[in-house]
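Asker: Sequence order for the protein chains is B and V. Going letter by letter, the first sequence gives residues 1 to 131 in our numbering. Going letter by letter, the second sequence gives residues 1001 to 1460 in our numbering.
Each hint should be verified, as a subset may be incorrect.
In silico BS3-like cross-links for lysine-lysine, where the CA-CA straight-line distance does not exceed 27 angstroms [claimed, not checked]:
hint : chain 1 : residue 1 : chain 2 : residue 2
1    : V       : Lys-1193  : B       : Lys-109
2    : V       : Lys-1017  : V       : Lys-1145
3    : B       : Lys-109   : V       : Lys-1145
4    : V       : Lys-1260  : B       : Lys-10
5    : B       : Lys-70    : V       : Lys-1359
6    : V       : Lys-1406  : V       : Lys-1193
7    : V       : Lys-1359  : B       : Lys-75
In short, the hints are calculated from the structure, not lab data.
Now for the letters of each chain:
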Amino acid sequence: MNVLVVDDEKDMETLFQQRFRKEIREKTIDFFFASSGEDALYYLEKHTHEAVLILSDINMPGMSGLQLLKMIKQKFENPPPVVMMITAYGDDENYKQAMSLGADDFLTKPIDFNLLKDKLNTKINGKDISS
Amino acid sequence: MPLEPILAFFLIRYMRKNLRTFSPDLGWDKILTRAIYGVVILFVILFIVDHFLSVDKVTIWIWHLLLLAIVYISFTLPLFSRVRTVMVAVLPLIVLSLSGDILKSIDGNLYNRIETFIDIAFAVAITWMVAMLIKSTKQNKALEKERKRTLDEEERSRFIEAQKVELEIIVAERTAEITKQKDELQHTLTELKTTQTQLIHSEKMASLGELTAGIAHEIQNPLNFVNNFSEVNFELIEEMKNELLSGNTNEAVAIAENIKDNEKKIIHHGKRADAIVKGMLQHSRSSSGQKELTDINALADEYLRLSYHGLRAKDKSFNATMETHFDESLEKLKVIPQDVGRAFLNLFTNAFYAVSEKKNLAINTDVINGQAYVPTVIICTKKLNGKVQVSVRDNGMGIPKKALDKIFQPFFTTKPSGQGTGLGLSLSYEIITQGHGGDIRVETKEGEFAEFIIDLPTEK
């Protein structure tokens, strides 16, 4: 499964690679990284029709995670990507907005990687979104 | 012959009048007044005596004696120096009358023979008297005038003296009043200075408040990394141990390499958090006034992030595109970093405020002039001849013309009351111009953009 991580913090990439080194080694998950909403859209344009799970930060310079979410849900319908929002601001407002825009899940920073792993494994095994 | 009594009467009166006018003397005044009454009474008595007893020859000598006495007194006492002219005028008449009477009593025939001459002499004496009296009157008038003038002058100088005293009192009162006012003003000034210091402090605190959320967010990120990488390292060390126990040295070395990289990340993010906290402390602290070599690009970037996240935390829907065009060839500048940082912060906060205002206006349509509105704040640094230019441009509401010349004034704010201290730009202005010998100016078009341009001189 391809997972696209969108975050303006570049070290997020290293962290994900370390945290999911087993999954990467066993090739159950392939990680791709984008440092902005614009980059993420560019990636998605290039990889249309690939089943992708997107993990996006909300609070980014330029296009925000919520705007990205809105555009993804409008533009990419086949297959509809799973979008999980990750934010440092875990307030109601953000949560409601994300959900109304069609987010599939909502996580707060600091990321609980065990929980995230469980969720990703559930997606892989349960819903069978494999490429 | 009534000449002598009349003369005596008028001479005494004249003496008294003269005395009263020029040199009042109570004792003599009394004597002369009595003398006047005495003359009148004497005249009446002698007249009666003469009438009934016909002692004409005797009474005349009394009058002669009286007149001689008057003349004598006039010429001997300095008190009567002023009546001497009149005495000189009447003297020939008195002498002539006396001489005539003496001659008459000694040799009546001779007197009768030379009576014509005596009459002529009388006429001359009377003429003399009249002439002298006229002269005396003139003299007296002149004297009187002189005296009046002196009196007037005295009166005036007395008046001036009195006025002077009065004026001095008024001046003293005024001086006291002014001194009091001065003291009050001094007091007020001291109070104002204290208030100013407090206001500047509260402005710092207010901007710190705006920053708090941004700072929290900024600290949270590096802390998350520190925690996460530490946890990863914990697992990696466990794995490395297992590999070593299994004898897979190469694998263990690879893991050790990973651990090392992660440690680098931990150190990096720890330092990042450290720098943020230090920056926050610097911001709240009163300026140490110490200029130090500062990377203007890094300073601008740091405060830009703080400002953005601060606003983001307050307004969840807020979002803006930030463009930074940093001139990497910029040399470090000697500035007071927390002061210049505060000036930057004010400009960034204003820029973000301006774009969010415009965004809120367009919230329903998301479209302005047929195009989607993208709130944008652009930061530029540029190296110019002898100075470094930092510009902060936003495509927000712009600044209305009527507000343009007031924006750097203390307490001027366009924000709703309670939301801005009105000190941000005025403090920024002070920091840049007075603190660093630089310049700050603005270019704007209402409804379209505002660009604040800071010039900082590169010190040699």
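Asker: Is V:Lys-1017 within 27 angstroms of V:Lys-1145, Cα to Cα?
Answerer: holds, 16 angstroms
Asker: For the pair supplied as a hint, V:Lys-1406 and V:Lys-1193, is the alpha-carbon distance within the 27 angstroms limit?
Answerer: The given pair, whose Cα atoms are some 22 angstroms apart, holds under the 27 angstroms limit.
Asker: Against the 27 angstroms threshold, does the CA-CA distance of B:Lys-109 and V:Lys-1145 hold or violate the hint?
Answerer: violated, 113 angstroms
Asker: V:Lys-1359 and B:Lys-75 were given as a pair; does the straight-line alpha-carbon distance stay at or below 27 angstroms?
Answerer: holds, 24 angstroms
Asker: Assess, step by step, whether the Cα of V:Lys-1260 is no farther than 27 angstroms from the Cα of B:Lys-10, and give holds or violated.
Answerer: holds, 18 angstroms
Asker: Taking 27 angstroms as the top limit, are the C-alpha atoms of V:Lys-1193 and B:Lys-109 close enough?
Answerer: Violated: V:Lys-1193 and B:Lys-109 sit about 46 angstroms apart, past 27 angstroms.
Asker: Please work out if B:Lys-70 and V:Lys-1359 have their alpha carbons no farther apart than 27 angstroms.
Answerer: Between B:Lys-70 and V:Lys-1359 the Cα gap is close to 18 angstroms, so the pair holds against 27 angstroms.
Consistency with the previously given hints fails for numbers 1, 3, ordered from lowest to highest.
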